[in-house]
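Given only the sequences and the hints, what does the whole structure look like? Please build it.
Order-wise, the sequence lines are chains A and B. Each residue of the first sequence is one higher than the one before, starting from 1 at the first, in this note's numbering. Each residue of the second sequence is one higher than the one before, starting from 1 at the first, in this note's numbering.
Careful, some of the hints might be misleading.
As the list claims (entries may be wrong) - Below, a list of computed lysine to aspartate or glutamate pairs in the EDC-like style, where the Cα atoms sit at most 16 Å apart:
id: 1; chain 1: B; residue 1: K50; chain 2: B; residue 2: E19
id: 2; chain 1: B; residue 1: K51; chain 2: B; residue 2: E19
id: 3; chain 1: B; residue 1: K50; chain 2: B; residue 2: E18
id: 4; chain 1: B; residue 1: K2; chain 2: B; residue 2: D84
id: 5; chain 1: B; residue 1: K2; chain 2: A; residue 2: E123
id: 6; chain 1: B; residue 1: K51; chain 2: A; residue 2: E123
Claimed, not checked - Quick partial rundown of chain B residues pointing at chain A, CB under 8 Å, derived from the structure:
id: 7; residue: A11
id: 8; residue: G53
id: 9; residue: R55
id: 10; residue: P59
id: 11; residue: H63
id: 12; residue: F64
id: 13; residue: L65
id: 14; residue: L72
id: 15; residue: P81
id: 16; residue: P89
id: 17; residue: R91
Unchecked claim - Ranges of calculated distance between the beta carbons of each label pair, as one might list FRET restraints:
id: 18; chain 1: B; residue 1: K2; chain 2: A; residue 2: S176; range: 46 to 56 Å
id: 19; chain 1: B; residue 1: G48; chain 2: A; residue 2: E35; range: 49 to 59 Å
id: 20; chain 1: A; residue 1: G141; chain 2: B; residue 2: H63; range: 19 to 29 Å
id: 21; chain 1: A; residue 1: V195; chain 2: B; residue 2: R67; range: 36 to 46 Å
Derived from the structure by calculation, the hints contain no laboratory data. Because the structure is a prediction, the values reported are computed rather than measured. All C-beta atoms, glycine included, are put in the ideal place defined by N, C-alpha and C.
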Amino acid sequence: MPPFFSCARRRVDLDRTRELLRRVGSEHAPEVLGELLAEAAREELEVPRVIERVCGSHGRLRCVILGTMKQRSGAGRFLMVRCGEQRILLPAESVVRILGSVALTPIPGAAPEVLGLAQVEGEPLAVLDLGRIVGEVPMAGSMAPVVVEARSGFGNEVLGLAVEEAVRLLEVEPESLSEAPPGLPASEAVVVDGVGAVILDLARLAEGTA
Amino acid sequence: MKRFVLFEDEASRWAVPEEAVASVEALGRRVLVRLRSGDGLLGERVVGRKKGGERPLGPVLSHFLPRGVTALALVGGMPVPVVDPGHPPERLLAGEEGEQGQREKGGVR
Numbered sequence: 001m002p003p004f005f006s007c008a009r010r011r012v013d014l015d016r017t018r019e020l021l022r023r024v025g026s027e028h029a030p031e032v033l034g035e036l037l038a039e040a041a042r043e044e045l046e047v048p049r050v051i052e053r054v055c056g057s058h059g060r061l062r063c064v065i066l067g068t069m070k071q072r073s074g075a076g077r078f079l080m081v082r083c084g085e086q087r088i089l090l091p092a093e094s095v096v097r098i099l100g101s102v103a104l105t106p107i108p109g110a111a112p113e114v115l116g117l118a119q120v121e122g123e124p125l126a127v128l129d130l131g132r133i134v135g136e137v138p139m140a141g142s143m144a145p146v147v148v149e150a151r152s153g154f155g156n157e158v159l160g161l162a163v164e165e166a167v168r169l170l171e172v173e174p175e176s177l178s179e180a181p182p183g184l185p186a187s188e189a190v191v192v193d194g195v196g197a198v199i200l201d202l203a204r205l206a207e208g209t210a
Numbered sequence: 001m002k003r004f005v006l007f008e009d010e011a012s013r014w015a016v017p018e019e020a021v022a023s024v025e026a027l028g029r030r031v032l033v034r035l036r037s038g039d040g041l042l043g044e045r046v047v048g049r050k051k052g053g054e055r056p057l058g059p060v061l062s063h064f065l066p067r068g069v070t071a072l073a074l075v076g077g078m079p080v081p082v083v084d085p086g087h088p089p090e091r092l093l094a095g096e097e098g099e100q101g102q103r104e105k106g107g108v109r
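Listed below in C-alpha cells is the structure:
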C-alpha cells in the first residue's frame, strides 16, 4: 500500500491515518483505507468527496482522515503566529477568532502544555501553550497575551492556542514547502520573509508529537 | 443545558452530571460526592447544583486534559472540567481507607 493516497493534488498520509484510526479505537482502519484507495482508483474525485463517500455517517473516521490530509494544490492561506523565536503557520480555515489576553483557570492534573480554562462568549475554552508545544520557553502566569481559537479538525473540537503574537495572514505556494523538522507537530516547513516557519498540524497534537 | 453538581477541591472546581450523583455527604471538613457507579469524589465544598452548557472533548484535548475528564462546561459563569462519572480522575477519588478513617472519627454526618 503506498504511503500516500493522492488524488486531485491533495494527499492523505495513509500511515498516519492508520495510526490515528488505531488510536481512536477504530477496528475498521484496514477496510477504510482499502476503500479509500479503491475509490480513488475508480474515479477522479476530489479527496474530500472520496472520504465523505467512504466514511458516510462515521463522523469521527472522516475527521481523522481529513486531519491527515495535506493540501498541495494551489496557494494555502495561513495565520502566522510567533512563540518566542519560532514562527508557526496555522491553516486559516482552522482559525475561529483571535482573542486578546484572557483570564485562565488552571486545571490540576492536566499536561503542562495546558495553561487553563477560559470563558469565551459563553463557552468554555481549554487553552494550550503553543510555545511549549513547539519547544519554546513556557508561558507563565494566569493570563495568556494572545489566544487563537482554532478547530482541531476532529468533529466540533475547538481549542485555544496561546501565542506571543499573531503576526499576519499570508499565502504559501506549494513549491516553497519543505520537510518539517523532526519532533514538531508540524506538517511542513516554509521560509517566510527570510525566516523559517513551520505549518502546525493540529491532528498531530492528538498523537502527542511535540 | 444540563444540570451539574459543582464542587471544589483544594485546587479547582469540578462539575459532575447531576444524574450520576447518588448523594452528597459531609465527611469531616470535606464533602463526599457519592456517584451512582459506587465511586466517591472528595472535595472541599459543594458549590451548588447548576445548569450549564457542555462542550465534549475531542482527541486533541483528551490527550492533554486529565484522564477522567470528558467535557468542559460553563457552569455558574465559570469554565469547569466535567468529570466522567464512569471513570473519574484519580485525584478526586475517595479511597476506602480514607473514607473509613473519617467515619471512625465521626466525621460523616
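Hints breached by this structure
none
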